[in-house]
Amino acid sequence: MTENQVASSFSFKIFERIKPDEYFRRFIEENVRPDGRALHTFRPTSIRQGAITTANGSAMVRIGGTTVVCGIKAEVAEPRVDRPKDGFLVPNVELSPICSANFRPGPPSEQAQVNAEIINQVLINCDIVDLSELCIDEGKAVWSLYADIVCINYDGNILDASFLALLCALKDLSLPTAEVLPSSIVQANSSMMIKPLKLRRLPISSTFCIFANPKVTLSDPTDSEENLSKETVSIILDTDGKILYVHKSGGAMCDAEMMKSCFSRANERAAELNELIERTSSQ
Amino acid sequence: MKRSDGRTEPSQLRAFAASQSLLNRADGSAKFSFGESTVIASVVGPAEVKIRDEKMDEATVEVIVRPAVGFPSTKDKLLERALRQTVEPTILAGMMPRTLIQIVVQIVQEDGNMLSTAVNAISLAMLDAGLPMNSLAAAVSAIIDQEGNLLLDPNSKELENASSVHTFAFDNTTSYNLLLSHCIGTYSQEQYLDCLDACKHASERVHSFIRTAVEKRIEKEYQQLQSS
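Note that the protein sequences, when read in sequence, are chains A and B. Numbering follows numbering that gives the first Met the number 0, with no gaps: position 138 of the first sequence is 137. Numbering follows numbering that gives the first Met the number 0, with no gaps: position 182 of the second sequence is 181.
Treat the hints with care, since some could be wrong.
DSBU-like, lysine-lysine: derived pairs with alpha carbons at most 30 Å apart [what the hints assert, rightly or not]:
1) B:K54 with B:K76
2) B:K1 with B:K30
3) A:K259 with B:K74
4) B:K1 with B:K219
5) B:K199 with A:K241
6) A:K259 with B:K199
7) A:K259 with B:K30
8) A:K72 with A:K84
9) A:K229 with B:K74
10) B:K76 with A:K241
11) A:K18 with B:K199
12) B:K199 with A:K214
13) B:K30 with A:K241
14) B:K74 with A:K170
Partial chain A-side listing against chain B, Cβ under 10 Å, derived [said to hold, decoys possible]:
15) P107
16) N119
17) E225
18) K229
19) V232
20) A251
21) M258
22) F262
23) S263
To be clear, the hints were calculated from the coordinates, so they are not data collected in a lab. We treat Cβ as the ideally placed atom computed from N, Cα and C, and that holds for glycine.
So that you can see chain A by itself, here it is in the shape it has in the complex (with noise of 0.2 Å):
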């Protein structure tokens, strides 16, 4: 009896390594994923707030198996001329290969740059944070942050993760006052902390792939999931269900119904981070 359920547990380990599509498919026939998840429910997602404290401000964030921690540090810089106000807001997504096998040593892979890009174009083109909030003295010295956003457990799903991160770092981000003095040095008064930056919207990212065989799409994927299906789609929603960003490509299966059950998908997801992310940051 007991000789027969380990050679049954080694036969489906051996399975799902041989023939990973035709495991996951079997479990998606039955609707639920290989680790007991609904096809739409999104993995236990858990924020702790100023994780680093030596950084000006920090949050970790934890979407099922992935981690990923934001920390930010601000250094005075000077401000470009033609926007004299404006102070600078830097994100960089590090992937390195302590999160997982398929990251390698070296410059950052695409998938970072990728993600760090798409983190950037979204903070500058949908009007979230006030960067001239981040202002010393005009045309003197501003704030220039650096958000360095660090995976340290990849299971997938590390835009949706890495954007939580940032957004909760940015809500916990402290600066001391500062003061441009007549020999133009920069005096910072740490002992007088301001929280400069006001968020205008909350975005809030959800990621959904979709199988071609059965077509399914499933929110939240994991790391074998998104190898396993090469179509994904991303959502950035603000809390007041106006659509940010909109990315999906990878295959042909997805059509507007498709996409509008993910806005909605969507939408209940902005819901609940927002009430989560309130919770954290009354605590």
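Dock chain B against chain A, hints included.
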């Protein structure tokens, strides 16, 4: 309504232009322009693949974007990934396992919509290279401007005044499947679906343009063959 470059309709696209086989050393190449926006794409493949990128059951598709000026930035990386994921499903990669399809996109002139211009250039270059494909991708961009008007195929001047920018690519099968949707800005779901619909109709025009371009070239080659 008059647009900044003299177009009279919001749904009017700029003039298309295309030429094929303009590079001698590549397996296929094409130039495609929407008005002033011009892109050259070259396709090499199936060729030898680096062991690290080798896939046992299909071809590896690689897209490289070269900007018009300066070195490639992360913006071009984003473009590379979007292009690769758009054209990859149209290639029958399973017919060429353990090989590499290398697509190089050189931006020649920028006047908005580089993503959609590049998709169309790559499609035409892949046809020129004779790659096995199951369908053909064609892309069109649209914007919603500050006043809420939907404008197809915006130029860079109109893009400055856009509240959201949408790019869609479709294949040319009977169901006209959505291959790519890349939309950024602030917009509602209705506006998104309006843009999707408008771009779908406009991409039919791009598909038929690509068809005539290829037909004309083959006709010309046939005549040259007969006269020689």
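Structure-based check of each hint:
no. : hint               : verdict
1   : B:K54 with B:K76   : holds, 22 Å
2   : B:K1 with B:K30    : holds, 29 Å
3   : A:K259 with B:K74  : holds, 28 Å
4   : B:K1 with B:K219   : violated, 38 Å
5   : B:K199 with A:K241 : holds, 23 Å
6   : A:K259 with B:K199 : holds, 16 Å
7   : A:K259 with B:K30  : violated, 35 Å
8   : A:K72 with A:K84   : holds, 19 Å
9   : A:K229 with B:K74  : holds, 22 Å
10  : B:K76 with A:K241  : holds, 27 Å
11  : A:K18 with B:K199  : violated, 37 Å
12  : B:K199 with A:K214 : holds, 22 Å
13  : B:K30 with A:K241  : violated, 37 Å
14  : B:K74 with A:K170  : holds, 27 Å
15  : P107               : holds, 9 Å
16  : N119               : holds, 8 Å
17  : E225               : violated, 13 Å
18  : K229               : holds, 7 Å
19  : V232               : holds, 8 Å
20  : A251               : holds, 4 Å
21  : M258               : holds, 7 Å
22  : F262               : holds, 5 Å
23  : S263               : holds, 9 Å
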